[in-house]
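Protein chains: 2
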Amino acid sequence: MSQEGLEVSPLAPAAFPNLPRVAGVGLATAACGVRYQGRDDVCLLALAPGTAVAGVLTQSQTASAPVLWCRRALKGGRGRAIVVNAGNANAFTGAHGLAAVERTVQATADILGAKKTEVYIASTGVIGERLSDDRITAALRGLKAGLHGGAWAAAAKAIMTTDTYPKGATRTAEIGGVTVTLNGIAKGSGMIAPDMATMLSFLATDAKIPAKTLQALLTRGAGDSFNAITVDSDTSTSDTLLLCATGQAKHKRVSGGPGDPLLKSFKAALFDLLRDLAHQVVRDGEGARKFVTIAVTGAASKRAARRIGLSIANSPLVKTAIAGQDPNWGRIVMAIGKAGEKADRDRLAIRIGGIEVARDGLVVPGYDETPVARHMKGQDISIETDVGVGRGAATVWTCDLTHAYIDINADYRS
Amino acid sequence: MSQEGLEVSPLAPAAFPNLPRVAGVGLATAACGVRYQGRDDVCLLALAPGTAVAGVLTQSQTASAPVLWCRRALKGGRGRAIVVNAGNANAFTGAHGLAAVERTVQATADILGAKKTEVYIASTGVIGERLSDDRITAALRGLKAGLHGGAWAAAAKAIMTTDTYPKGATRTAEIGGVTVTLNGIAKGSGMIAPDMATMLSFLATDAKIPAKTLQALLTRGAGDSFNAITVDSDTSTSDTLLLCATGQAKHKRVSGGPGDPLLKSFKAALFDLLRDLAHQVVRDGEGARKFVTIAVTGAASKRAARRIGLSIANSPLVKTAIAGQDPNWGRIVMAIGKAGEKADRDRLAIRIGGIEVARDGLVVPGYDETPVARHMKGQDISIETDVGVGRGAATVWTCDLTHAYIDINADYRS
Chain A
1 MSQEGLEVSP
11 LAPAAFPNLP
21 RVAGVGLATA
31 ACGVRYQGRD
41 DVCLLALAPG
51 TAVAGVLTQS
61 QTASAPVLWC
71 RRALKGGRGR
81 AIVVNAGNAN
91 AFTGAHGLAA
101 VERTVQATAD
111 ILGAKKTEVY
121 IASTGVIGER
131 LSDDRITAAL
141 RGLKAGLHGG
151 AWAAAAKAIM
161 TTDTYPKGAT
171 RTAEIGGVTV
181 TLNGIAKGSG
191 MIAPDMATML
201 SFLATDAKIP
211 AKTLQALLTR
221 GAGDSFNAIT
231 VDSDTSTSDT
241 LLLCATGQAK
251 HKRVSGGPGD
261 PLLKSFKAAL
271 FDLLRDLAHQ
281 VVRDGEGARK
291 FVTIAVTGAA
301 SKRAARRIGL
311 SIANSPLVKT
321 AIAGQDPNWG
331 RIVMAIGKAG
341 EKADRDRLAI
351 RIGGIEVARD
361 GLVVPGYDET
371 PVARHMKGQD
381 ISIETDVGVG
391 RGAATVWTCD
401 LTHAYIDINA
411 DYRS
Chain B
415 MSQEGLEVSP
425 LAPAAFPNLP
435 RVAGVGLATA
445 ACGVRYQGRD
455 DVCLLALAPG
465 TAVAGVLTQS
475 QTASAPVLWC
485 RRALKGGRGR
495 AIVVNAGNAN
505 AFTGAHGLAA
515 VERTVQATAD
525 ILGAKKTEVY
535 IASTGVIGER
545 LSDDRITAAL
555 RGLKAGLHGG
565 AWAAAAKAIM
575 TTDTYPKGAT
585 RTAEIGGVTV
595 TLNGIAKGSG
605 MIAPDMATML
615 SFLATDAKIP
625 AKTLQALLTR
635 GAGDSFNAIT
645 VDSDTSTSDT
655 LLLCATGQAK
665 HKRVSGGPGD
675 PLLKSFKAAL
685 FDLLRDLAHQ
695 VVRDGEGARK
705 FVTIAVTGAA
715 SKRAARRIGL
725 SIANSPLVKT
735 AIAGQDPNWG
745 RIVMAIGKAG
755 EKADRDRLAI
765 RIGGIEVARD
775 GLVVPGYDET
785 PVARHMKGQD
795 ISIETDVGVG
805 RGAATVWTCD
815 LTHAYIDINA
825 DYRS
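These protein sequence lines are chains A and B, in that order.
Read in order, the letters of the first sequence are residues 1 to 414 in my numbering.
Read in order, the letters of the second sequence are residues 415 to 828 in my numbering.
Please note: incorrect hints may appear among the correct ones.
If the Cβ cut is set under 8 Å, some of the chain B residues that face chain A in the computed set are [claimed, not checked]:
1. Leu561
2. Thr651
3. Gly744
In case anyone wonders, no lab produced these hints; they're calculated from the structure.
All residues carry an ideal CB built from backbone N, CA and C; glycine is no exception.
Construct the complete structure from the given sequences, taking the supplied hints into account.
What follows is the structure, given as structure tokens:
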């Protein structure tokens, strides 16, 4: 599982952004040798007392032990710590896996003086191997001592597996005239698909928002970000997205639900941050050379539009055509047809790179492939389709399917 | 779309089988230059008056013009001819596509003295380009003159697109002590996935079976053959499976439905023939180097078992692991988890190559990967899983995902 030889994705952002401190959040990382050698592989994110936590977890029927634990802890809506390790997913590890989570939670709670249900665990990496949780618990004291509000970049690096670059983003928003900060980090580059959150991502803000409202905002935001991306249609056993609100900012009290007008700016910033992080995950899709935006309109519902978009995004034939820079729109027609959602064959319209390719179920008269082929040579590919049956619309994002994906995945464990 | 340079799949059968004549069936092929040059690309399969026809067609919402026509013609349950062309799918071609089918049907009916609804059309190849049906209709007279009961191999070749070898199979059965013959040909190597039939396949028998019974038998047989295979999860706009019974054999009258005891041997032979052809399609999966059998037991229903099987079979991460000869059973766990069907994480069992790898949701004690790794180096890979919730069972077949798949599909049209 050596990551040597993996070049940074050509779609990577120029640099990791400068993430400011978030009041009430401390981070620390350590090299525990859970699997990787010579790099930090464990991260502790400590949260001030009173922090509200919301989460979206994988829908997998074979969810990992940490996911099962988070599902339980999220019921309380409170958090004091998140412990993350990379290299071993602690999935399909039976009673041992649950016990490993239990021990890590207990040790973290003891060291921080927190309740067990205020501790969240996330593990990513190989499935089916026992996690050496003793290496993690042994590092907790040192991690606590090293907590630091400015360690976001180190944290983003410590949670990486096959990622070729660390992922982070920051936004500010206003709540009743007071500026609040939102930071987020993410990891993930393969086994990325809905439902749901499709990787690990941790967000924190100093805003003070009730857990229930926070959860409603996160669920909605995930729908148009992490649940609208796919690299390879494979949903992980371990996908975890957590949003922590420390409540340290001195803004007016938010008493309403997610529709509270006070939250307008926060909501926009949160959704934008989630989308940014989700795009960064796609841009690090295993072997990705092109970032693809697929916008579907005219579907029976928003849900139908998303399913059609994901059918296009997950089609190996569409993805390889994009890799080959081939404007093979017939494969888009095929992928719409197989989505299992209503589409009117004779009203279908397709645009590639903004150029109309087909309308009313036919290639446009005098279709000139030249400008479309030129668009396909670029790094950012746009596909738009109207399926002609209703008003449902959704956008999804994916990457192409290249030889490098096979190189990475045909020999991941060796 | 030149097929030069495509080597014959290493999983191909040693030779095309010797297909005997089927009384009441004549075949002829011609080079019409619809797209390919220097090879036969059109096939006429002529059927004696009184032939019953059953069919299973793609479920795609963007089905091709020939599929729409076949759906209509199948209502009559009678057939005198099937006209097939390779190179152009006549899909997403709007009114022109329907008119092209109409003209071909009319010309064929005229030449054979048949009703229009006794003529079936199947087209395979590129989507979205106008079909030069004049080239096909111009060849009909010559095709009729060349009809021959022994031209099965030529027909199997004429319908190929990216196939690397022609596909055919034959069986005999007994109905009331009289021997009947079943022949079949098929084509397909990419865009192969349920539902449904996932390519073109034409079967003929001299048995005399009512159309309704024939349809019931074919529907059931397709479920455990063509609907249980996948190469790349992509369902074609053009998938067509037709079964013709000429009724020339002098056996006792079949008056019952598909459960008629008279049909026991026929049914077994038909199902076996369908499975053989379906396997041949998988063995020619684009870029395939390994043939993979996935048997799922313990599911909530047969349908659930098949969905879990297909989730494993369609997972790019499972398929690339197989290509890499890596017994990465964690990815099998992942694919079971994402199938959207019930599975008991803590009762899951997995066998690879007949060797127990995991049981009760855990790797087996003292697991030795050596013999499993040895199995993965072979050409025929077996994966068995019991998901521990019920008695539903199903088997599906697929191939691995290799660099060659990307080579073929990243530049199909050039």
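Cross-check of the supplied hints:
Of the supplied interface hints, the one on B:Leu561 is violated, with its beta-carbon coming no nearer than about 33 Å to a beta-carbon of chain A, more than 8 Å. Hint on B:Thr651 holds. Least Cβ distance to chain A is approximately 5 Å, under the 8 Å limit. Interface hint status for B:Gly744: upheld, as the beta-carbon distance to the closest one in chain A is roughly 3 Å, under 8 Å.
Of the hints listed earlier, the one the structure fails to meet is number 1.
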